[in-house]
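Two chains, two frames, a set of hints: combine them into the complex.
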Amino acid sequence: MEEFVKLKDITKVYHMGEVEIRAADNINFSIKKGEFVVIVGPSGAGKTTVLNILGGMDTATGGTLTVDGKDITAYDSRQLTGYRRDDIGFVFQFYNLIPNLTALENVELALQICKDPLDAKKVLEDVGLGDRLDNFPAQLSGGEQQRVSIARALAKNPKLLLCDEPTGALDYNTGKAILKLLQNMCRERGMTVIVITHNQALAPMADRLIHIKNGQVSHMETNENPMSIDEIEW
Amino acid sequence: MKKRALRKDFYMEIRRSLGRFLSIFFIVAIGCAFFSGIRASEPDMRYSGDAYFDNKNMMDLRIISTMGLTEDDVKAASKAEGIGHVEGRYSVDALLADGDNQIVVHVMSMLPTMNEIQLEDGRLPNKENECVVDVDYMEKSKLKIGDTITFSSGTDAEVTDSLKTDTFRITGTVSSPEYIAFQRGSTTIGNGSVRAFVYVQEESFAMDVYTEICIQAAGAKELTAFTSEYEDTVAKAKENIEKIKEQRQKARYTEIVDEANGKIAEAEAEVTDAQTKLENGKAEAAAKLADARQKLENAQAQIDSGKVQLENSKAEVAATEQTLAQKQTEVQNGTAALDQGIVQLNQQIEQLNAVKAQYEALKESGMTDEETLAALEQMSMQIQIGDAAVVEAQAQIDQTRAQLQYAQGQIDNGYAQLEAARQQIAGAEAGIISGEQEIASGWEEYYAGEAEANAEIAEGEQKIAEAQAELADAKAEVAELEKPKWYIYDRNDLPDYSGYGDNADRMKAIGEVFPVIFFLVAALISLTTMTRMVEEQRTQIGTLKALGYARHSIAGKYLGYAFLATLLGSAAGIFTGEKIFPYIIINAYGIMYKHMNELLIPYNVMYGIGAAGTALFCTLAATILACYKELREQAAQLMRPPTPKQGQRVVFEKITFLWKRLNFSWKASVRNLVRYKKRFFMTIFGIGGCMGLMIVGFGLKDSIFAVVDIQYGEIQRYDGTVIMAEGASEKEKGEVAQMLGKETEVDDAMEGILTQITIGNGSKWHDVYLDVPKDKKQFPEFVTLKERTTDRRYSLDEKEVVLTEKIAKELEVQAGDMITIRDEEKGDLKVKIKAVCENYMGHYLYMTADAYEAVYNEKPEYNAVFYKTVSGTTKEAQSVGEDILQLPGALSVSYTTDLKQQVDDMLGALDIVIVVLTISAGMLAFVVLYNLNNINITERKRELATLKVLGFYPNEVSAYVYRENIVLTVLGALFGVALGKILHRFIIVTVEIDTVMFGRNIDMSSFVYSFLLTVAFSMIVNGAMYFKLKKINMVESLKSVE
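Here the protein sequences come in this chain order: A and B. In terms of my numbering, the first sequence opens at residue 1 and continues consecutively. In terms of my numbering, the second sequence opens at residue 1 and continues consecutively.
Bound-form chain B, shown alone (with noise of 0.2 Å):
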């Protein structure tokens, strides 16, 4: 072999030289593992992802419609072109109580093969109203397996409409790959977003046709997610339904309209029956109470004439009673003068007696004398009359006496006549009076007779009307009846499905950024070391340019000996680097993908071939260019020492009473800075690495910690969020709102509205919720709006809305731009953005409710109460919210700590990240440095073996050496605070999920840590060089220049 012995000097070289080999090798086999591995953790991430999709049969496209979809539809679809396999199901969402939380969960039939859900725990439910949860749910909820849950349904509509039972026994927990990481979609009833998804058998569905139909493109399961392929054969697929949804829209709608139209045609004869039924009813009232009226009347008549006989009765009563009254009068009379007449009489007779008296007395006085006698005679004539008289008298007075008797019989029998009478009048009254009693409750009756008969009347006619009405409304309908409408899905409309394509795109760009500075160190490296080689070699160099030897190979040692450690470093590193990276990548995206259980990490060839293509590049050409120079010269001038290098004055000099004040090692050391230039860079660009790494690390970690603190510290300043029920009454919304103000826990609370809406500027759109303050003067005190760059406050107007920052970004909008807001019934709304305010989690359009009254053309319904807690702790808002939730007012409660534990969840992942970039930062560190230092002392052997033989202590002779890697690693800090901060801005940019906006900040103490790690590095590797110092032979300082 004709260059056996240059070969042996290859082989040899190696060996003698090992350090600088492996220096080559391992900055090699770094570089390239990073490169290859962070590149390849994309296609893996779209390889696992896939896997896991295709063992779990998913779909690839899925039919919503607006009208249900028959089996006739699914039969349409399934011959469709470029479609393979299509399954309908039901869904329903519905309102849980869990506790006293009422949370909304997505309720689904299984499908027979198509979107496999993984059995967690438990077992599949076989009855009706038997299910399976939610896995991540029932983590965090109190319900367990076995638990009996009740449904309802949150609008006017029974739950049982759409399942056959409202309770349901909990048989395991599930993870479904329609549902990846945390978000569960979106929903028309309670809060606006599914907490859970609940899956059933068919059988528990009672709805006659489906809700979706799932579908698989032909062919596509053989493609990988993610990728273009896929997404062109699926689209092909969509294109094909498509095609067939005009005809389907139609035979639904007349399927409907005909069942409608059959409805009405039905109700109509039942209307028109009901209408005759009551016509007759009608009459036959009528005639009823007509009879009922006139019976009323005539005995009324009767009484009347009663009335009238009665009375008359009672005058002839009166008029006797009067008659009699002036006998008895007579009577009384007559015997009043009877009286006198006896007195008269007495008065008469007591006369007589006194002349009869006298007579007796004459005549027994004897006296006989004539005047005597004739006094007797004429006394006892005087008695005869009187005698005569008294007995008429008598007679007369007897007579009367009779007479006055009989009348006062007379009298006394009328009297008694009277009487009788009388009780007869009493009698008839009494008749009477229950007679008029009788018509009087006859009336009543027949007065609520009547109104019956009108009511029953009315309502009968009423209820004709409505139905009618109601057969207008439906006439209407049916001819109003929107025509079915077919929603078209592919996978990425599920939620996160994107969101993990996104990730891997994050992964890639990181991937085209990070590696190459570990590639541009490695080959700055590669140079260094290769120039530093053929430099010393140089006189070998000569003497084998003397002996003949030709320039290529001689040339060839240096290339080969580069090549092979390159060659040999690039296999190590991407046979070790595209299994590490994203295995450690993928398990990371694991803490947020958690049931996403596939781990596909092939070898990428490409990206193999690209690192280790790229890593021959850069070293072999810059073992070319430190070639070049040497074999250029001629052998002769090879063979005598280099000419030394040129000290230079620096321009530091100039500033004479700075450069007065240094040592002489400050300015040996400031100008051997200026001097090794290359050196200088290169260090500067690997503590620059290293520390903007580590800055990105730490960052990373600031902005993510300052969506939590600035989020819910500084920007949504509320603890908890009650969300009214739908359709709570205006008390019960009262309630709520005493409630919160009596509770001694709670500091503050607003009104508002909270609720999901889209927005777009016509050709984007994106959900966010809508926060509508009822007291906007209330409202800073909840919500801080400001700019992020210049902590400008906002307020809310009249007019305009304020829109959060990222969601603004990611439509392309503006301060003084106009949005449009897609409302179902009010169709498109435009309003115009007054400003853009800082916000990291979640998306939010602000608006006054002037400004809401402005838009949607209706007084604002409040549906969401924001509370603030005194001390802002966890415990203590969620003690209020569950005192809250005992009224029926409330329908759920969110705290925005659970909101935190979500973003810690979520960027768990970037954690390992950090530790990934801080472990390399270390490493590119130690390596750069380790390398640099090593060049730096064997190139300066002599000088420093002559400060030792000059008598400089050890401490020294390391002092003189390292306060030139001191200035470096300062000036290296620097620009990697430069370095960092470019890309940590890029990074988070990149990383950002849909929702979420990082913080753009770093805080001071990164940069320190940051600082001090890198000082820590260097200082070991200085502390590793402090031994390379004293094995420094003094003796080095007697040999001749090479």
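Just chain A, same shape as in the assembly (with noise of 0.2 Å):
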């Protein structure tokens, strides 16, 4: 159970005319399976850069990736999209719902692409939308279609949920609650859950806290005793 996720001298170079840019310089941590990991950093240290490359959104210019013993950077882009397709669920900072599915739909778009699917209308039920299945997303508050998103995140019963500033455009108490289902899904189902903010608050319901700056690993530390998101106010 060791190193689920493990990466080593992640580099990534930007180049912008004469300048080039680290976003990613010599980035090394491992994360275990079933972990609630928080990735914690102010804007512009390079956490996206780090979320890309670990959803398979980006290539590393360096370095090596390993998800559950598979060496993620050795991939072309076919690799890395089976990668995402089966591997990765993604929630998105605002949602990224089909506009024109409902919220059952937009899960099983999700689901008629993976090889090992849950039920859509029971993974609604689990993140409380049991009511809500046919609105479309603009019917539904933001709270809700955050709850979809990861619906259809965890629809895909991926190995790796990353979230993107999951609460970043919801209010204090919607944000609680996504944070809360995330943290439930992780404890309940064992999922391993990324969760990228540059918010400091919810450092302490993390089992593992990765602090990034200026595209480094500045601190991480594990939490034996993680706090449930209830106890945690900002």
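Bear in mind the hints are in silico, worked out from the structure with no lab data behind them. Accuracy of the hints is not assured; some may be wrong.
[Claimed, not checked] Simulated crosslink set (DSSO-like; lysine-lysine; CA at most 27 Å straight-line):
1. Lys122/A to Lys660/B
2. Lys121/A to Lys654/B
3. Lys1030/B to Lys115/A
4. Lys56/B to Lys144/B
5. Lys830/B to Lys774/B
6. Lys288/B to Lys463/B
7. Lys941/B to Lys1030/B
8. Lys654/B to Lys122/A
9. Lys8/A to Lys159/A
10. Lys483/B to Lys75/B
11. Lys176/A to Lys1039/B
12. Lys159/A to Lys1039/B
13. Lys594/B to Lys221/B
14. Lys56/B to Lys594/B
15. Lys1039/B to Lys180/A
16. Lys809/B to Lys786/B
17. Lys115/A to Lys660/B
18. Lys941/B to Lys1031/B
19. Lys660/B to Lys121/A
20. Lys127/B to Lys142/B
21. Lys159/A to Lys121/A
22. Lys731/B to Lys777/B
23. Lys1030/B to Lys70/A
24. Lys1039/B to Lys213/A
[To be verified] One side only, chain B facing chain A, incomplete, derived with CB under 10 Å:
25. Asn663
26. Ala668
27. Ser669
28. Arg671
29. Arg675
30. Arg942
31. Glu943
32. Gly951
33. Tyr953
34. Glu956
35. Val1035
All figures in this text were calculated on a predicted structure; none of them were measured in a lab. Backbone N, C-alpha and C define an ideal beta-carbon position, used for all residues, glycine too.
Printed below as a string of structure tokens:
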């Protein structure tokens, strides 16, 4: 169960004309299966770069990423698509639901492409939207939309659930509820969840907390007794 | 500068969104090029045509008189008001034998300055017996420059009545501005249609009056032909000619009548003279005959008296002969008696001798007894008496003998005389016979002479009678002499001239419809593009608003953007389109009007301004519309992301069992289609337009081929037509029919009438072919009469006629109406139309022989034989034709394949139009689809990026987008079918030329091709989009909603 996800010397360099920007500079960390990981850091620290690489949306300039023993950095674009398809669940800051599909259909949309999906309706019920199945995204509140988004990610039964500022567009209470949902999912289903946020306040709820600053891991700590989200306030 | 930042932003905007700028630029350019180009083609055709006619110094008006035109007429015409130059010329229609074919040619004298002919090859004639010939005909004929051709008149008159010689040498080939396309006009000789024209020198004509006068209206040359200004000027000139017409007609009439009267007087004197001579001759002949008769009668009398004498002589001779015979008998009797006497005498002598012997014996016996002596005595006595008696008898006999001998001599003499008399009679008889013979031959001579004299007299009398009759006729003719009639024609009377103007009008009609589609599309594209642009820059607009910029300053950017793109686009479109389209189109028509070598394509400012103005209006209006919505909102509102559009359920979802079967991509696609209505309609319109244009293109081809295939495959099923020589005898005609019957290549042949007639509805008149089959039962084998829409068959009956569709439409008549046949001799004849039948080439009026008889009140005289060959090939038809033309009865043979060729020529021009349409359609499809797809993808970048993040493979992402495109393409194509059908019908009706009706059908294959091409265009665009989709960065999904 060691090192379910392992980043070794992950480097990402962008070239902006003459200037070379090191968005990620020798990032190293490992995550165990079933952990609730929070990656924090200020804007522009390289969180998103790490997320992109973790999610198979971008390739690293250097270093290796291993997920469940597979070397993702060696994947070509097609394999990467497969990786996103089968192994990754993604929760966006702005939910990114297909506006023309109902909540249920949005979830089913993701399910139709993966190997071993969960039941869409069940998952939606699990996230507390049992009575909003047939609503279009525009008819749902932000929190509800994010729940659909989470349901969409979860229903794929991924190895890794990546959440990019899942509460960024939500109000305090809704945000809390969403985080609670994520934490529960992690605990109840043993899902490895990685939440990326700039909100330091979320740190105590993580099993593992990774601080990123200037493209490098500045600090990583494990928390033997993570707090429930209900106990955290900010 | 106050708003420098804004201006900078404006230029930066163009640089950054060059693709968008160019898409407006191009769609406007295409729209304007098409709009102004196609429209400019119409005036450019007129300019080019005008330039050609001006260059050839073309006449504007033409006078033709039924009685010829004199120098005085020419002078009078040139003095009329509004008339420029006037020239007279001679012309005659003649038959020309080209190989076995006899064709009708129109022979004209070259005008000094007008209607310049264009020398294509060789040189112009400079001798009386030289000519130049129609280049179009020469190309098809075996004749070549340097060949000698011989004309015949085709009527009773000699061709040399009109021309000084009938044999000409071809010195060159020419084209004439009077014959700009394929038609050569009609004629009254041969098969009724002129095939070629021939120009000769004026000196080659033997006529003393002109046939026509060519006139140029003053100031008409400066105007553009085919325009109303020109038409008006010419119409005025025509009116002025009309004014002198009456007087000139009268003058010509008087001239002709005077001349005729003079001739009649002369002839009358001659007749009188002849009469006198005849009377004299009669008297003389009678005297001579009487004399001869007298002489003959005298001779007869002489002979008769000679005959009587001869008879008398003959009787005498006969009598003499009888007497002689009698005498001879007497002599013979006498001789016989003498002989008897001699015998008796001899007996007496013997008895005496016996007595003497007894006496001697007794005396010797010596018995001198008395008795003996007495006996002796007695015996001596007896002897003495006996001797004496013998002597006496002897004497008597001698005497008788002498007498007899004398008589015999006399008889012999008589016989000799008789013989002489007989000879005399024979001589006389011979004389009489020869005399009689002489008299007989004398009579013969007499009667012959008499007969001769009588014949001569009768002949003379007949001649005089004839001459008198002629004189009477001539007098009657003079009395009835129709007044000379002037016909004043403008250029529209020339074959194909008005057709050129019509073609220009057709271009105008096309130009009014087609470019509109492009414009609509251009406007819609601009609308979507600009709307998208404004929506994209929502936040920026909000910021500017928040900063305090006024609405118009903000809108100015977008308006300026659209204005600049449109202005540049329309300028580019107009400058290229106004050159390229007219060039292509006029060149395309050049196939038909191949000798019109002038090409004038000036810029038509009006059309340019019109096009640019419309384009500017469309795009600016679209931009204002797009801006208006955004600018109305509050700045704060604008800086927030727009409320997402509501997802909608569509009606389709109600059909649950189907909806359930759809996967989510399909569901999303269906909802998307309904959601983005603007895009939906635009794409359907764009693709439909593309499909429609291609259907029009292919459909035009189908319709044109229908002409050939249906006309010569289904309707007119014969392969050739033999036209009989005018005045061919029944026997000669029979030979033609017989020969056709014998040819193994001929499947069937039918006699009939085929001739050009004029029909009308009272106000409009048109030339059509009259087709009268001899055998109406055989007719359906050769011509199928049916209704186009329902395929219902018609048959001919005894009273009514069947008319072909195009002419019926042209004359605005239908089944059940009456039409008028204008006959030169019989005047206007009315017939009832039984039905209107499908027909594509030419115009025909069909009637049965019975109907013909009823209408014309005379038996039909068949002048044509239609024939079908076994295999229906050109080669067969021509080989049959060549054989037939050897016969004196056959004038000419025409082959349906020739007509096919003609159609192909005429319609070749349209091929290029079709290509232009198809290319334009492709361009239209491409621009529309690319633009819309582009917008679609840009708008939905986030959505697509999300799909990618969710792990959709590139082809799955593409499929998600393409699915909508496929649906739209199919729907667009369906719309295109409808649009195409409507446009096709419109175009077909507009581009038709007078004598041709195009098919109204579009083949299934055309729909298929158009669809496949549309799909192909759509696929090309989608292919291009694939890369664009691939380039979408997944990071987009992480961005906030703009």
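Q: Would you list, in rising numerical order, the hints stated earlier that this structure does not obey?
A: none
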